[in-house]
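Student: Residues per chain, in single letters:
There are 2 protein chains.
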Amino acid sequence: MTRDVVWQEFAIDKAFRAHAKGQRPCLLWFTGLSGSGKSTIASLLEQRLAAAGKHTYLLDGDNVRHGLCRDLDFTLEDRAENIRRIGEVGRLMVDAGLMTLTAFISPLRSERRIARELFTRDEFIEIFVDTPIDVCEQRDPKGLYGKARAGTIRDFTGIDSPYEQPESPELCLNTVRHSPGKCVEQILAYLILHGFVNRNAADIAER
Amino acid sequence: MTRDVVWQEFAIDKAFRAHAKGQRPCLLWFTGLSGSGKSTIASLLEQRLAAAGKHTYLLDGDNVRHGLCRDLDFTLEDRAENIRRIGEVGRLMVDAGLMTLTAFISPLRSERRIARELFTRDEFIEIFVDTPIDVCEQRDPKGLYGKARAGTIRDFTGIDSPYEQPESPELCLNTVRHSPGKCVEQILAYLILHGFVNRNAADIAER
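These protein sequences, in sequence, are chains A and B.
My numbering puts the first residue of the first sequence at 6, with every later residue one more than the last.
My numbering puts the first residue of the second sequence at 6, with every later residue one more than the last.
In case anyone wonders, no lab produced these hints; they're calculated from the structure.
Some hints here could point you the wrong way.
To be verified - The calculated label-pair distances, taken between Cβ atoms and stated as ranges, are:
| no. | chain 1 | residue 1 | chain 2 | residue 2 | range |
| --- | --- | --- | --- | --- | --- |
| 1 | B | Phe79 | A | Asp18 | 51 to 61 Å |
| 2 | B | Gly58 | A | Arg204 | 20 to 30 Å |
| 3 | A | Pro167 | B | Arg126 | 13 to 23 Å |
| 4 | A | Phe79 | B | Ala16 | 26 to 36 Å |
Don't be surprised by glycine CBs; every beta carbon is placed ideally from N, CA and C.
Taking the hints into account, I'd like the entire structure generated from these sequences.
Tutor: This is the structure we're talking about:
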């Protein structure tokens, strides 16, 4: 075989990458208070999607705050820049053909709107993890509400920094009434309904 | 089938994502002057990798400068921040299991070292596109050297901003002596030698 054959060029674009992965890329944007359950539910969902053969990536504080965004503080201005960068990286991940999950408080409507505008209408799925602040504060898995109430940490969402509830999210999860597993089922039902996941693949992944 | 079965948790980490894609993720970091051929060669390589069934992503000025890094200028300080963010996004892409290509001038050794340190030793492959500046200036595909010589644009690498050649890149490409296609063959030979690409898959992709 000669090494100098001319071969056909073809574009390696989003459509190619999505097709090669047998999936429709999307951005699953989780928003909600600290302790609302965003990361727990996103992580469970990622496992279900992976088990169904989907190619995924989860952006959260663990892999973003200490790397790409480690130059940023927790002031409103820096938090806005944090969310802007997450939106842009999410866009690149979706362009790479991945079903991408982001789990950040993302407290302001304006920031979430800016993120949404980076995607086509069907690609961006805003998921409001609707847990009341008193429930989050009771759970307080990282002890952050205690510190915020004591004034040890500042600019804490829901205490001395605003959280604006989504007005028309694609999905709204009630974590008081439903377990994380049930919330994942709710998201999967949406993804099946909108053609992102095949019902059989989702069922097989569950067994 | 009940929807409340307990199912086994498993970690969706880099190893899982790489295995699901049947590949070893890596960062192919192209560096060289403007007009040296970085984007051309990286794009050709991505096509060959995709044809061999690999899952890839190419970061370049087109998808980074107008998005994630649009707040940055071309001063040395902002260019350093630009390269830092590209390294961090590359790290996330590799964590997602992708064979990732970056095509940026990335003029300073210190910046490239910072990027390299985000990866394991085998993951980061620095590719020096070694085209002399007089050849780049003759090609001048975007007319930028003309503008830099005329003083219309400033901080232009090789004219009034430094380019530090890599001291020990994994690969060095001579684009004066070899065509872009030959340069791609040289990279593929390296990737085959180091177990990133199967020789048969690369051959099949060529036909």
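Student: Looking back at the hints listed earlier, which ones does the structure fail to meet?
Tutor: Structure breaks hints 1 and 3.
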